[in-house]
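**Q** Sequence:
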Amino acid sequence: MLMIKRQPLRTFLLTVATILLLTAPQNAAEILFVGGQPDAAQGDDPFVLEHLEDVLGHTVTYMTGDESATGDVEGMDLLIISSTLGSGSVRGKFQDSEIPILQWEEALVRWDHGNPDGNFRMSQNSRNGQGRETSFIVISESAVGHPLAGGLEAGEHEIFDDFNRTPQQFGELAPGLIRIGELDEAFALDDASFWMDENGDEQEGPEFVYTAIDKGAELGPPGEGYFAPDKRVNFPLEDLGFGILNDTGLMLFDCSIDWLLGGSCVDVGMAGDFNDNAEYDLGDIDLLTVASASGNNDASYDLTGDGAVDSADVTFWAHDLQGTWLGDSNLDNLFNSSDFVKVFTEGKFETGSAAVWSQGDWNGDGVFNSGDFVAAFIDGGYEIGNRPAGVAVVPEPSSAVLLLLGALFTLRMRRR
Numbered sequence: 002m003l004m005i006k007r008q009p010l011r012t013f014l015l016t017v018a019t020i021l022l023l024t025a026p027q028n029a030a031e032i033l034f035v036g037g038q039p040d041a042a043q044g045d046d047p048f049v050l051e052h053l054e055d056v057l058g059h060t061v062t063y064m065t066g067d068e069s070a071t072g073d074v075e076g077m078d079l080l081i082i083s084s085t086l087g088s089g090s091v092r093g094k095f096q097d098s099e100i101p102i103l104q105w106e107e108a109l110v111r112w113d114h115g116n117p118d119g120n121f122r123m124s125q126n127s128r129n130g131q132g133r134e135t136s137f138i139v140i141s142e143s144a145v146g147h148p149l150a151g152g153l154e155a156g157e158h159e160i161f162d163d164f165n166r167t168p169q170q171f172g173e174l175a176p177g178l179i180r181i182g183e184l185d186e187a188f189a190l191d192d193a194s195f196w197m198d199e200n201g202d203e204q205e206g207p208e209f210v211y212t213a214i215d216k217g218a219e220l221g222p223p224g225e226g227y228f229a230p231d232k233r234v235n236f237p238l239e240d241l242g243f244g245i246l247n248d249t250g251l252m253l254f255d256c257s258i259d260w261l262l263g264g265s266c267v268d269v270g271m272a273g274d275f276n277d278n279a280e281y282d283l284g285d286i287d288l289l290t291v292a293s294a295s296g297n298n299d300a301s302y303d304l305t306g307d308g309a310v311d312s313a314d315v316t317f318w319a320h321d322l323q324g325t326w327l328g329d330s331n332l333d334n335l336f337n338s339s340d341f342v343k344v345f346t347e348g349k350f351e352t353g354s355a356a357v358w359s360q361g362d363w364n365g366d367g368v369f370n371s372g373d374f375v376a377a378f379i380d381g382g383y384e385i386g387n388r389p390a391g392v393a394v395v396p397e398p399s400s401a402v403l404l405l406l407g408a409l410f411t412l413r414m415r416r417r
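Read the sequence shown against my numbering and you will find it ends at 417, with the numbers running on by one and no gaps.
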């Protein structure tokens, strides 16, 4: 009988276990992939499945759109929807699911087609790429620095080895839509950039082929109270196309998955660290208020990804990056009387002189006036301490606050 000593066997098993642990994917995700035919056999779905499992190391569950159900996303980290299915087979199933979604079925993104309550409400219109085959996309200025842009500069980038369809979104866009890539005008049909608005008037604008929405961002139509339950990415593919993605195209695909799973495929530094000193400070927010007041919409200051640099970016920096209140002029993460001392010492109030955050411009319009106090007190942080993370505060103005606002109004009237 062959005898094996226990100690060497234990050492061997521990070594094997260690090797398996070290070589296993460290960020493997559970992915539900929904397509048109059984066994991922249609279009380029087999190539997508192979890439997800063999290259990226994720665990993939595949099913057809017809057999899929809302509850199938339970326990999954990511949902992928291919255009090989009929949009009606999944419409109404996943629009409210709190799970990141990567998809390239153009009929699911619009709010004017089919059952809008079952779509993702990211644009007014969409269409497939027939007649608009191209090997290029144009990275938007506002997307530079966003993880989904993969570190690419603004402008034209080839993502396919051959011409391929790229479905488009156009018309009115969801307020929270992140515009990553556009269709090059050279590949558009003569009437491709025109559409009719709700009043029957002809409109013209770019056609977007690579877009996203962040969790909690506003969907469309604007002002109707729809918000994204989780991240969504529309990638520029159709049934065929994944198999001819070049290195740049594959990089963008992988970046999309990384972003949806909470990571980033590129080192984009600290968003909002505008003076590049690896920390958030007055220098950053002062630069941001200058950029906001300029009206130039410099993409490097667009923290919200909406294509504009304005008060929303100032609020985002204060709330989400610094974790403080509007009105915290000395950036000690409190809004109290010491901030008033600082800003009134600067002597900018109601003078019309250019001002930055540390001088009282808390709404990014470039001056210090009563509008800044209104914005700050609506924010609700005066004399209540540190701002709770992730909590929307409903202000209850104290009598002192109301008296202060009244005094400011009186002072303004006297100066006139």
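Treat the hints with caution; some may be incorrect.
[As the list claims (entries may be wrong)] Ranges between beta-carbon positions, derived for each pair: (1) Gly87 x Glu205: 24 to 32 Å; (2) Asn387 x Pro39: 53 to 61 Å; (3) Asp274 x Gly386: 21 to 29 Å; (4) Asp67 x Gly156: 39 to 47 Å.
Quick caveat, the hints were computed from the structure, so don't treat them as lab data. Model, not experiment: these values are computed from the prediction. From the three backbone atoms N, C-alpha and C, an ideal C-beta is built for every residue, glycine too.
**Q** Are the hints correct? Go through all of them and say.
**A** Consistency of the hints with the structure:
1. Separated by about 31 Å at the C-beta atoms, Gly87 and Glu205 satisfy the suggested range of 24 to 32 Å.
2. Asn387 and Pro39 have their C-beta atoms about 55 Å apart, which keeps the hinted 53 to 61 Å range intact.
3. The beta-carbon spacing between Asp274 and Gly386, approximately 26 Å, falls within the hinted interval of 21 to 29 Å.
4. Distance hint check for Asp67 and Gly156: the Cβ-Cβ separation is about 41 Å, which falls inside the suggested range of 39 to 47 Å.
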